[in-house]
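For reference, the chains in residue letters:
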Amino acid sequence: MDGALVVVQLLNGIQLGVLLFLVAAGLTLVFGIMDFVNLAHGALYMIGAFICASLTLALDSFLIAIALALPATFIVGYLIERVFICHLYHRDHLDQVLATFGLILVFDTLVHMLWGPAGISYPLPNWMNGQVNLFGFVDFPLYRLLIIFSGITVAIGLYFVIVRTKTGMLIRAGASNRTMISALGVNINQLFRYVFATGAMLAGFAGMIIAPITEASIGMGSDVLLIAFVVIIIGGIGSIRGALIASLIVGLIDTMGRSFLDDLMKLVVSNQAAETSAPALSAMLVYILMAAILFFRPQGLFPPKTR
Amino acid sequence: MFKKALLAAAVCGLISAPAFAADSVKIGFVTTLTTGAAVIGNDMKNAVDLAMEHIGSKMGDLDVEMIFEDDGFKPEIGKQKTDKLVKSDDVDFVAGFIWSHVLLASRKSALDAGKFLISSNAGPSQIAGKLCHENFFSTSWQNDQTPMAMGEVLNRNGVKNLYIMAPNYAAGKNMSAGVERTFNGTIVGKDLTKWGKDAQLDFSAELAKVKSSGAEALFVFYPGKAGGAFIKQYQQSGLSESTKLYTVFTVDAISLPKLQAGKLEGVLGSLATQFWSPDLDNAQNKKFVSSFKEKYGTYPSFYAAQSYDTVFLIKSAVEAVNGDLSNMNGMRAAMEKADYPSVRGPYSYGKNHFPIQNFYLREAVVDADGNWTTKIVDTIYENHQDTYVSECPL
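Heads up: the protein sequence lines correspond to chains A and B, in order.
The opening position of the first sequence corresponds to residue 0 in numbering that gives the first Met the number 0, with each subsequent residue numbered one higher.
The opening position of the second sequence corresponds to residue 0 in numbering that gives the first Met the number 0, with each subsequent residue numbered one higher.
With the rest of the complex left out, here is chain A (with noise of 0.2 angstroms):
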């Protein structure tokens, strides 16, 4: 274990936390404010590939693309608020677990429809495909950094949105409590579905700038969902600041995992069982942190202040 492939495998995590960030973010928003259970919110990082890659394709820059496929995809947010979410609010959590497990089919066989079962993969920029050296010994792929770059350029933005903008304080005070927002006469449904649209944009964000690394598939989105969901509960739902600092914690714990748990467990157990079970144990840390995190602190690590 040298500390150049330490450092790199730091970066690596970080770089998976962003990500996992920009997922995180709307989930937990649309959660906390609206006490909404979207399982619906990964189809559009799905959405966000496949707009992106048909654009990268038709217009062959993948910059361009993503400036047009980010309000493409605020648009479409907004219109699924519109026509299914804002129906759905009065109900209970099973109907809205239904109805958004519903919408996950229909967007995956929406996507098989129009761009096949194969999923497209595009080119990135050919600068974009070197590497770049750090501190003088380590190379990273220099995409990999654009991605964190972009991530934390996101946080800020938003944290800067949510602490120091009358919508940010009215988000915050409609994560507090609802009823009594909507009271002193904000218009919450209208401030939420601005909200919904926005963390629907971010997801596929995150889905634009992963694509060209795994390329855009079919039930991408639900794969990332379920740890999308992880990282909330860590974090603590309805919580920005909650969500960034889960998903670097949950991004590190699993690069880390699958880095160097193998070499840890061929020092107690034979190299065949370790090579076998680490990958499997290292998919499961994140799952064992959250099942702490909900005996010892279940409303999570950073939950919004509230009543």
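Hint data in this document are derived by calculation from the structure and do not stem from the laboratory.
Be aware that a few hints might be false.
In silico EDC-like links for lysine to aspartate or glutamate, alpha-carbon gap of 16 angstroms or less [stated by the list, open to error]: (1) B:K350 <-> B:E335; (2) B:K189 <-> A:E274; (3) B:K193 <-> A:D222; (4) B:K314 <-> B:E335.
Please build the complex by placing chain B on the supplied structure of chain A, with the hints as guidance.
Below, chain B without anything else, positioned relative to chain A:
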């Protein structure tokens, strides 16, 4: 009176039905038609449809009824679908199966019901060895064989140290065991990654480990959509300068068109071992590849080739017994001869009913029309038999 006649007719029907030979051959084909892996299943289905067209949906005098089922990439669903095929559809043959874990879960349902089970892809070591069965046949290979050939290639190329990456499931372990069996150098590292419906597609941590291990060569097995994702990340990680990539079942007619669309030229020139390639020179293969390209616009994958062969293998069995589907022994004896035009050329069966066949080295190249495909550059093994056959009690 009328009632009586009806009853008599019904009784007659019941008694006489088994005496007549069936008027159609029913084949159940289990593959993956949903999730990202549907791209493989569709390729197999296309090949079966093409084969049905080429035989005019007839085997001897019998009509052929093909029933496709989707396993959803899950062993438990595959088993349910196999149960449905043997119990409610009462098929004569169960074929297909991309995934080793799905085949392992489903085999008992088909074999206990006394049906023939034909794997058009998966070749887990258990079924070649201890779990071998007289009614099981493979038109593909045993999982270990292709990577064993790759180990041989690595030796010939003078590779001294190797890093292995594969998914953590039955076939992934077989692939890794296969290359380890024949490779003479040292294995400096090995990663088995999460697989299934929520498979790991981001290999950043593993690629960083490969880089820091200083391995000369990297051996991977990533079938389906993971293959494209892996190749991209391999290229982005800058590993290609220090570590040469050797693959099995990863660079194929499924991943190459996508890699071409994504302009990932790093994959061209990469080496893989395989029992078949679109450019293999025999009449059946030429007909298969050209009509497949004409009908679907792409090169067939090896999954398609095996599925196409499956239909012709079954046809040879049905015709050998003149359509008497109750003659299991006759059909088994016919299939054991492998007496049909295979797209890989002639081959024979071992006692565990896995093919004894050649393995070639394929290189990813650009064809005359500018499409990316694979070309045979060398023959690694001639008439190679898997190693588990000695454990088969048949």
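Hint consistency between B:K314 and B:E335 [alpha-carbon to alpha-carbon, up to 16 angstroms]:
holds, 13 angstroms
For the pair supplied as a hint, B:K350 and B:E335, is the alpha-carbon distance within the 16 angstroms limit?
holds, 9 angstroms
Given the hint that B:K189 pairs with A:E274, does the C-alpha gap stay at or below 16 angstroms?
Holds - the C-alpha atoms of A:E274 and B:K189 are around 8 angstroms apart, at most 16 angstroms.
Do the alpha carbons of B:K193 and A:D222 lie within 16 angstroms of each other, as the hint requires?
holds, 12 angstroms
Hint compliance for this structure: no hint is broken.
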